[in-house]
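*Asks:* Spelled out, the chains give:
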Amino acid sequence: MAQTNLLSPPSTISPPTALQLSQKAPRIIANPPTSSLPWPLSLLFSAETPEAWVTHENALYACLRTHDDAAARQLLDRLSARFGESNERIITLRGIYEEATAKNNGELEVVFKKYEDILKQDPTNFGVRKRRVAVLKSLGRTSDAITALTMLVESSPTDLEAWAELGEMYAKVGEWARAIWCAEEVLLVMPNSWSAHAHLATLHYLSTQSSPHLAPLNLSLKNFARSIELNDSYLRGYYGLKLVCQKLIPLLSESSSVSKRNQDEDGPPPNLETVKKLEELATSKLAEIVRRYQPGTKEWQGYDGAEVIAARELLNRDANTER
Amino acid sequence: MAFLGATLNTVGLVFLTHAVYSTHEHTATSPSAPLPLDIVIELLASILVLSAGIVLSSPALKPIQWAQWSGKISREGRHGEGKWTREGEEILSEGDPYSFLGLDGGIGGQGEGRRGFWDVRAKRKEYEAWAKTGGKS
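These protein sequence lines map, in sequence, to chains L and D.
My numbering applies: residue 1 is where the first sequence begins, and numbers increase by one.
My numbering applies: residue 324 is where the second sequence begins, and numbers increase by one.
Since the hints were made in silico from the structure, they are not lab data.
Among these hints, one or two may not hold up.
[As the list claims (entries may be wrong)] Derived contacts from chain D toward chain L, CB cut-off under 8 Å, selection only:
{"no.": "1", "residue": "344"}
{"no.": "2", "residue": "382"}
{"no.": "3", "residue": "383"}
{"no.": "4", "residue": "399"}
{"no.": "5", "residue": "421"}
[Claimed, not checked] Residues from chain L shown here face chain D by an in silico Cβ test under 7 Å; the list is partial:
{"no.": "6", "residue": "11"}
{"no.": "7", "residue": "13"}
{"no.": "8", "residue": "64"}
{"no.": "9", "residue": "68"}
{"no.": "10", "residue": "160"}
{"no.": "11", "residue": "195"}
Quick caveat, the model's predicted, so the values are computed rather than measured.
Heads up, the beta-carbon is just placed ideally off N, CA and C, and yes, glycines get one too.
Please model the complete structure; the sequences and the hints are all you need to start from.
*Replies:* What follows is the structure, encoded as structure tokens:
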């Protein structure tokens with residue numbers, strides 16, 4: 001999966017991949033997509049496609065990451081020449097460039113002030129509002145970032161990216177109930193997203209990690225089960241399902257009277273038999289993924305190598321305890 | 324399969340054109356006489372051959388059930404389909420449509436989702452640390 005594609009970059013970019021991506025930049029800079037001919041001819045002989053500008057944007061990100069600021073500047077200049085200095089996205093990209101080239105926190109504060117000024121003129125520029133949060137996060141001011149984000153989702157409650165970010169920030173500081181709320185907001189708009197279901201399940205699972213309770217584990221089980229219902233080869237969903245089942249089985253078998261107590265709005269606790277079956281399903285599916293990924297079957301290479309290794313370790317641990 | 328499909332398409336098109344031309348010629352020369360049987364047979368046979376060719380040369384069907392469709396994306400990942408843009412970037416197959424939420428990396432994951440909140444300085448520091456260790460992963 002080590003693809004270095006600027007049009008659709010991989011979902012995780014390690015430093016070596018970033019280097020490979022940014023090494024493509026000189027070729028892009030050398031071949032401008034806009035035509036240099038005078039006006040009527042330039043319309044006929046232009047090689048401009050939407051993909052060309054996506055490639056430019058991704059190349060800009062890659063160059064900034066690898067400290068290739070000169071190339072980044074050239075790409076940014078070309079983008080601003082094409083779309084205009086006052087374009088919202090260009091303003092955001094220029095902001096990212098300035099953030100990247102800021103040498104210390106003092107210079108970053110200057111960039112932050114600039115964002116404030118831009119927002120005073122046009123408070124609807126969401127790109128800049130998000131950058132503002134990102135700068136606060138980068139400065140380590142997490143509580144300010146959370147406040148800024150709550151303002152952002154208040155004015156735009158369907159901005160899922162912001163809800164997801166806010167949820168993650170709450171999760172990082174251990175505010176599980178609020179993180180779960182944010183994850184549910186994401187699910188309200190995108191109820192078919194398997195990753196959002198698995199994320200919500202993970203939060204429920206983590207919120208009760210220190211002292212396992214039945215109710216959150218039950219919700220976690222339900223959401224993991226939904227995530228694999230929406231995606232029949234979702235490694236993360238099966239992995240989580242197995243973990244939750246392993247916690248649930250002792251809880252369910254030690255006290256059969258729990259079933260009477262916990263009949264609240266989350267529904268009845270799961271049947272022990274069902275949980276055992278779900279664990280078997282998760283184990284067999286994880287084993288299949290691990291087995292097929294190893295010999296490099298072409299149809300099974302979509303997984304993240306680290307995730308497959310984690311799944312194999314989980315299975316090994318399981319096999320050792322059973323022996 | 325692709326070769327067989329293309330052959331059938333070519334043969335079918337040739338015969339279909341021939342049948343249409345024959346019909347035109349026949350109606351032009353003798354407008355009142357009924358169409359001879361051989362032209363009708365040629366027409367029908369060529370259409371059958373052409374249909375078979377089109378079906379054979381069409382791309383593989385895609386899963387229409389949500390769980391299977393998403394499962395295929397998870398299993399196979401994004402891969403090239405033999406098309407490139409002018410910049411030399413390959414156009415990849417469909418990817419996870421929810422990756423923009425960045426929820427796949429877990430809490431504090433290093434994924435590339437949520438572009439709007441991209442922490443450029445953290446990524447630069449990560450790269451710097453990697454470059455300082457001599458570029459070994």
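*Asks:* Indicate, hint by hint, whether the structure satisfies it.
*Replies:* Hints, verified against the model:
1. 344: violated, 38 Å
2. 382: At 16 Å from the nearest chain L Cβ, residue 382 of chain D fails the 8 Å test, so the hint is violated.
3. 383: violated, 12 Å
4. 399: holds, 5 Å
5. 421: holds, 4 Å
6. 11: The hint holds - residue 11 of chain L has a Cβ within 7 Å of chain D, the shortest such distance being about 5 Å.
7. 13: Residue 13 of chain L check passes; min Cβ-Cβ to chain D is 6 Å, inside 7 Å.
8. 64: The hint holds - residue 64 of chain L has a Cβ within 7 Å of chain D, the shortest such distance being about 6 Å.
9. 68: Hint violated; residue 68 of chain L Cβ to chain D Cβ min 10 Å, cut 7 Å.
10. 160: Interface hint status for residue 160 of chain L: holds (6 Å vs cutoff 7 Å).
11. 195: The hint holds - residue 195 of chain L has a Cβ within 7 Å of chain D, the shortest such distance being about 5 Å.
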